[in-house]
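**Student:** Take the sequences, apply the hints, and build the full model.
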Amino acid sequence: MSDRSDGPADADLPDDVDPPDDEDLEPESEDSAVEQAAKTIPRGVPLKVDGLRKEFGGITAVDGATFSVEAGSLTGLIGPNGAGKSTTFNCITGVHEPTDGSVQFRGEDITGDRPHAIANRGLVRTFQIARELDEMTVLENMMLAPGGQRGESITRSVLPGLRSDVVDQETALRDDAWETLEFFEIDHLAEEYAGNLSGGQRKLLELARALMTEPDMMLLDEPFAGVNPTLEEKLLDRIHELREQEDLTFLLVEHDMDLIMENCEHVIVMHQGRVLDEGTPEEIKANEEVVEAYLGGEV
Amino acid sequence: MSAVDDARGLLERVFARDAVKVFAMFAGIWVLFYWFGSQLGYADPFILSLVRRVTFLSAVYALAVLALNIQWGYAGLFNIGVAGFMAVGAYSTAMLSGSPGGTPPGLGLPLPIGILGGVLAATVIGLVAALPALRLKADYLAIVTVAISEIIRLTFNSPAFADVTGGASGFDNLPTNPVRTLLLTEPGSIISDPTGIGQPIFSFATEYGIQRLTVLNTIYTLGTLVVLLGVYLLLERAGKSPFGRVLKAIREDEVAARSLGKDTQNFKVRAFALGCGLMGLAGILWYAMGPRASVVPVNFRPPLTFYIFIALIIGGSGSNTGSILGGALFASLLFEAPPRVATIIGNRYDIAADPANLVQALAPIGDGELMPLAGFLLNNIDTLRFIGMGVLLILLVQRRPEGLLGARKETAAAVSLDESTRPGTTPERTTAAADGGEADE
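Here the protein sequences line up with chains S and Y, keeping their order. Residue numbering for the first sequence follows numbering that gives the first Met the number 0, beginning at 0 and increasing consecutively. Residue numbering for the second sequence follows numbering that gives the first Met the number 0, beginning at 0 and increasing consecutively.
Careful, some of the hints might be misleading.
Stated by the list, open to error - Covered stretches of chain S (in silico footprint by chain Y; criterion: 3 or more residues with CB under 8 Å from a CB of chain Y, positions within the stretch not fixed):
#1 97–109
#2 129–139
#3 172–186
#4 221–230
Stated by the list, open to error - Going by beta-carbon spacing under 8 Å, a handful of chain Y positions derived as facing chain S:
#5 L233
#6 R236
#7 V245
#8 K247
#9 D252
#10 S258
#11 L273
#12 R347
#13 A412
#14 D417
#15 E418
If you are wondering where the hints come from, they were derived from the structure by calculation, not from laboratory data. Built from N, CA and C at the ideal position, the CB exists for glycine as well.
**Tutor:** This is the structure we're talking about:
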């Protein structure tokens, strides 16, 4: 509530108007049905960020960002360097505790929860620089991710009677892992140490590994940075496929404007820690302010 | 059926290659020390005693190294207080099971309770020390553990608690060595009548001229090896499981592990507690009873921790088998061998020179005289081996950071993770996977 007044309180945001976003988003015919459902069943909106603020000492990295991400959507989060995109990600996923504001996931408040708790709720992220586990094989990396592994208990892994359960579960997980690796076409690397992969392969692995947690929503922090065009195409295909088949929701930070405009149906523009505008790619392109702030007036 | 398969698979896996390595190494050590003994002109019973001694030291080192491996090798927890946790174990067992009549008085509890209590005490002290520090960065854990280790030692050393701990002269009133209880009617007296079990063993030994003390110590050493095997199997299972996998992930990148929903704090605490408890056990078997029994504060100074770290690095941190190899190689080759070698050389060549310092040893080299240097090196071998350890450590870290086995990269999973496990591959390849026949379903 208070955060809502936070956003528009700044004079340089005249009629982008954050508040209405929540209630009566853009009047799009097909989205409005989803939007209606979202109002009655809060689970329809997987992610809702409200008046998010994060200060580091005297610097305000995120200054009252408010937006929501719809179920099953591929939403792009863009903005110039220093706009607060990564900090927003970190606040959502529990890496940083927000100074103010709230984060809701599937209708539940997750503000300030610890990262592993948030991941276990089905909101999983990848990193700008891939965090593969170098001295573990690709398959091992994959097997790490799934939740609810019985063998994470020492007694169950050690005691003879209980261990067979662990082995059964491991066998099933291994099959899942192989399948997921095949889906991302990195199964030929299964026995390779993750540290030996190329930059692009690491990105694929990280995405595949995150998928092993069986998330409802994925936050991808620059998934295409340092990825060659062929691989980028592959990654994008996979993301679209997952969205359609598994009903996954994606929020991705990306610098490549063309890529965002072509692939996302909803775009959120951040600038100086605030949401400058959001809407369809066409609407964003039409907004002169965005063009000014982000595109340097080129387009 | 699956339990049998499971057990057989486990046995196959354990004894496939690693066991061969370990047995080969122990055999090598035994042959080497047998040779040392024969070169020194020892009679066979004394050679047995020498081999027994080096085996015991290897086993207890290996035990401590295994305990450190779960913390440092797997989870990357930098515990430099190993000696302190060993002290807690040894002292607690001594205090719990020492006789109430001795000085300082013990509680006189049965030894199994004493041992259990010692292990628990080390675990609890480890948790108390580490819980706040585990929340912080790795460096703080290192600082806290080294400090707690010294606090523990100085507390035991303090005259203020001498009534309870024995102060600087140590806890003299040690529990009875269990092997003595087993073999002797009066465990306190080595010349007392043997028990029913002791009778055949002692008479067998007498035929070969082996003294009773050697028999007792040898059996105790064999018992230590059994405990070592048990702890190895325990840690091998704990490591090759989802638990071990999360620990490895924490070592590699804790942020990544957390982002995948792993409560890394919880895993670190459990790994640390397990490691500290086993360090306590190592301290108990090493110092609280058995051939080297002496619960004295000077036993638990920081160098002990560093030795255990060196041993772990030699073997390759992250590998349980490597831990055993490293512990045994350190104890035998770096610790026990140099003085024997010096004696053998001293006996064989007549090196009379005994320079008082390095200058007097080096100066004659200008005149072509090497004997003073040789004499200096031989006479100071005890000190020089520490320089050797330092050099070795530097070389290992620079040239072979993965250790002898390089097994830091062993996969952590309860099942095999190689190519043959890919679903849809031919069944005979799948069953061939060394994971206990579970792969085909």
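**Student:** For each hint given before, does the structure comply? Return the numbers of the non-compliant ones in rising order.
**Tutor:** Hints 1, 4 and 12 not satisfied by this model.
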